[in-house]
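Engineer: One-letter residues, chain by chain:
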Amino acid sequence: MSESLSLKSTNNSSSLKERQCLYFLQGTELIGNVTIRKLHNYFGSYENTYLASEKELSSLLSAKMLSRFLNDKARKDIEYEYSRLARSDIHYYTDCDSEYPHRLFELHDYPPAILVNGELPNPSIPSIAIIGARNCSNYGRAMTEEYTSAIAKSGIQIISGMAMGIDGIAGRVALRSNGRSFAVLGCGPDVCYPSTNRDLFDSLRINGGIISEYTLGTPGAGWHFPMRNRIISALSDVLLVMEAKEKSGTMITVDFALELGREVYVLPGRNHDVMSTGCNQLIKQGAHILLSPEDFITDFLTSMVEKAEYQDYFSSLSDESTLHKDGPIFNSPEEQLIYNCLDYTPQPLDQIYRKVNAQIPITISGLMVTLTNLSVAGYVTSIGGSNYAWK
Amino acid sequence: MFSSIISGGIDGNRCYTNRVEVDLARALPSFDMVGSLSHEVKEAKERVRVALKNSGIDLPPMHITVNISPANIHKTGTGYDLPIALGILAAFGHIAPERIKDICIIGELGLDGSINSVNGILPIIRNVQKQGIKMCMVPAANAAEASFVEGIDVIGVSSFSEALHILTNMSDVAFTSKSSLPSLLMEASPSEDFSDVIGQDSCKRGALISACGFHHLLITGPPGSGKTMIAKRLISILPSLTTEESLEVSSIYSIAGKLNEHTPIILNRPFQSPHHASTLKSLTGGGISVRPGAISLSHKGVLFMDELPEFSKECIEALREPIENKVININRVNAVYTYPADFLLVAASNPCPCGFYPDRSRCNCSDNEIRRYQAKISGPIRDRIDLIVTANKVDTDSLIGNTKGMDSKSMREIVVRSHEIQRERYEGTCYTYNSQVSPKDIPFFFPLYGETKDFMTQAFNSMELSARSYHKALKVARTIADIDDSEDIKVPHLAEALCYRGMDSV
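Chains as they are written, first to last, in the working numbering: chain A, 1 to 391; chain B, 1 to 506.
It is worth saying that the hints were derived from the structure and are not from the lab.
Mixed in with the good hints, there may be bad ones.
In silico lysine-lysine, DSSO-like type, Cα no more than 30 Å apart, as pairs [as the list claims (entries may be wrong)]:
id, chain 1, residue 1, chain 2, residue 2
1, B, 101, A, 355
2, A, 391, B, 232
3, A, 355, B, 490
4, A, 355, B, 232
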């Protein structure tokens with residue numbers, strides 16, 4: 001960290017030309033953050049790097065990098081490329097700008113600049129990253145909704161990856177609960193990936209921000225995603241893992257978070273549940289366990305209360321921030337019995353029928369009527385046709 | 001030296017009564033055939049010449065002219081061989097003209113003088129009978145089929161010499177015995193019964209509602225969960241075919257060449273299950289000489305499309321018109337062929353490419369994959385499918401528990417009664433069943449008041465229903481109310497109907 005800070009201090013001049021050249025370097029494929037810094041140290045500025053002769057560069061760059069660099073240099077107009085940022089309404093913060101999130105300096109390969117579509121998380125309010133599987137189960141979905149809405153209601157910022165599944169749900173629910181939510185993308189901040197999350201992308205720009213270290217128009221690439229996961233870990237105070245298989249992108253993010261010394265909270269799953277094997281493994285290794293939203297928030301706030309930067313947040317917290325969730329209200333004992341035969345895992349109708357029928361005589365149509373009533377009341381959801389689960 | 005014999009033919013599904021005219025002239029020997037003939041009819045002259053020779057009849061060298069009138073209708077099929085051969089002999093004076101005056105003759109000749117079966121006998125003889133003909137001579141293999149036509153005597157012949165003997169010596173004619181179609185239909189019963197289905201209560205209920213309101217049905221579920229089993233049994237709960245329906249269905253089978261001596265008539269509602277690699281033509285009908293396809297062969301019965309998303313897009317989309325109009329039109333430059341296609345569509349599909357969604361411990365399909373898979377069944381087809389049920393693998397508990405549910409007989413009674421209720425309701429309208437009511441007539445036939453209206457409003461909002469699923473739910477609710485013998489649609493009927501709307505989104 002001390003090294004990165006000293007680097008930062010040498011990087012004092014930040015003229016427009018300098019920014020344009022940095023933006024160009026950042027947009028050059030194959031040249032990573034570490035190499036950019038190496039070039040900057042050697043030449044003294046980004047502009048000098050840009051103007052450096054092929055011979056000088058060849059000692060620092062591999063043949064492939066060099067050819068890509070020269071190719072891009074011949075092809076791109078750096079002034080025009082840089083001006084696209086302003087036209088797309090996207091902020092460009094370099095590591096010598098005051099807006100640049102200081103937490104990113106904790107990364108050994110922190111990006112020399114980041115692109116922000118919308119705003120950055122407020123550094124004086126705690127942030128929580130919520131991540132998990134793309135192909136989440138109903139249990140994961142329901143729990144993410146419950147936790148996210150409780151967290152968002154206590155004014156904490158939520159950071160996720162805007163992926164399908166858990167990430168997307170966390171983002172949507174946070175915004176729905178009038179919270180602020182941020183997404184770190186593995187593509188340019190003007191690219192909506194996955195495209196099905198267009199709605200979320202648009203509302204995050206207004207009620208939060210979309211953050212990326214990739215230049216405009218960069219398409220998502222497989223190896224970008226583990227990279228963006230380290231930014232998610234760096235930006236947040238703690239990491240919440242809702243659902244993860246044994247080998248998954250989520251587990252990579254957890255590794256980054258642990259390297260950075262972030263606390264990891266994990267939602268436990270049942271034994272043999274493939275969707276939770278990763279989670280349970282993490283708990284075994286000593287991660288915190290999530291018992292309830294209230295329990296977690298109390299824990300989290302207690303651990304944050306010492307932090308100087310959050311004092312304003314704590315003083316604004318009112319005592320009566322209620323995190324109470326109402327249980328369902330049933331119209332008949334039959335309804336309650338049927339509700340109790342369900343859980344968060346979707347069950348086929350015929351299976352529920354057999355379970356219920358073992359306790360009270362009921363016709364299949366009678367069961368369907370009750371299930372629809374429970375769905376209309378919002379306690380039950382149908383998944384994939386006639387599979388039912390708690391909502 | 002002229003003769004004329006009545007015969008019949010078929011083009012697509014239109015039947016014609018023809019006259020086979022033969023003229024013999026003392027001129028250079030030749031054999032000419034005219035009258036807008038297709039190649040298989042033109043080939044008749046070779047078959048006739050050789051068959052006559054092999055039956056011991058030598059043709060004298062004369063100029064033979066055959067005309068099949070009316071000459072402007074395209075003739076197809078092989079049924080003209082026998083009337084041509086007999087016509088030549090009649091023109092020679094071997095057969096007295098009055099013997100062949102009032103008899104319709106159809107049959108294909110083999111080179112050895114045997115008479116082979118012909119496709120389309122049933123509709124042809126029905127048409128001939130309507131023209132006032134009282135007697136017909138058909139191949140022995142088709143005699144049973146033809147005997148189901150009322151008001152016409154059928155002579156089955158198996159060789160040319162037999163046919164000649166009957167016409168020259170009318171005294172010892174043996175008419176094919178007639179069996180009563182209504183009593184056969186009464187006795188007919190499909191071999192499969194719903195009591196064989198164990199567990200699967202929701203599917204059985206769905207099948208019952210489907211049969212009652214003629215709602216097209218989609219069964220989703222993993223492979224091996226018994227989707228085909230349910231579909232096959234649907235025909236056992238539909239009302240038995242009426243005499244007219246049976247003749248109509250049998251006619252299509254006759255044209256397609258699917259009737260034989262063992263099954264001369266269709267007594268049970270047909271069940272067609274085309275493979276998902278089927279071509280468009282095999283499904284809709286068509287071909288060089290136009291033939292009915294699977295959708296017409298399932299007329300008045302069940303068309304089961306297993307693995308619907310695996311069918312080609314054009315095959316799925318081709319179902320739209322027949323579902324709406326109950327007929328399929330096959331357009332050609334010189335004619336439009338229309339086959340009936342009033343079927344109950346039962347489709348089966350997996351919920352996702354791997355088949356296990358929403359069991360996420362086994363299904364690893366991404367949401368996009370599932371959405372893409374679902375989208376293979378296009379909106380217009382989904383619009384026409386009112387009921388979606390899920391079949392699940394039956395566990396050992398219920399197999400051992402062996403709780404037999406309703407059998408087909410009691411389910412059929414419910415279906416018959418609800419059909420009666422619907423007949424009364426839609427008397428004087430263009431509808432027959434609840435499923436057919438168009439959205440503009442829904443408020444008139446299925447009004448909602450007070451409690452039911454509130455319930456639907458609440459459901460519409462909390463379950464995020466689309467207008468499409470709203471209309472479907474109403475139609476299905478009406479059928480459920482009919483099963484319950486209820487005058488009005490009540491809240492439980494609506495609530496149950498909402499369970500059959502399937503997957504809204506992923």
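Engineer: For every hint, state whether the structure bears it out.
Structural biologist: Structure-based check of each hint:
Distance hint between residue 101/B and residue 355/A is unfulfilled; the C-alpha atoms sit about 75 Å from each other, more than 30 Å. With a C-alpha separation of about 36 Å, the suggested pairing of residue 391/A with residue 232/B is violated against the 30 Å cut-off. Pair hint residue 355/A plus residue 490/B holds up; C-alpha atoms about 27 Å apart against a cutoff of 30 Å. At roughly 28 Å between alpha-carbon atoms, residue 355/A and residue 232/B fall within 30 Å of each other, so this suggested pair holds.
Hint violations for this structure: numbers 1, 2, all remaining hints satisfied.
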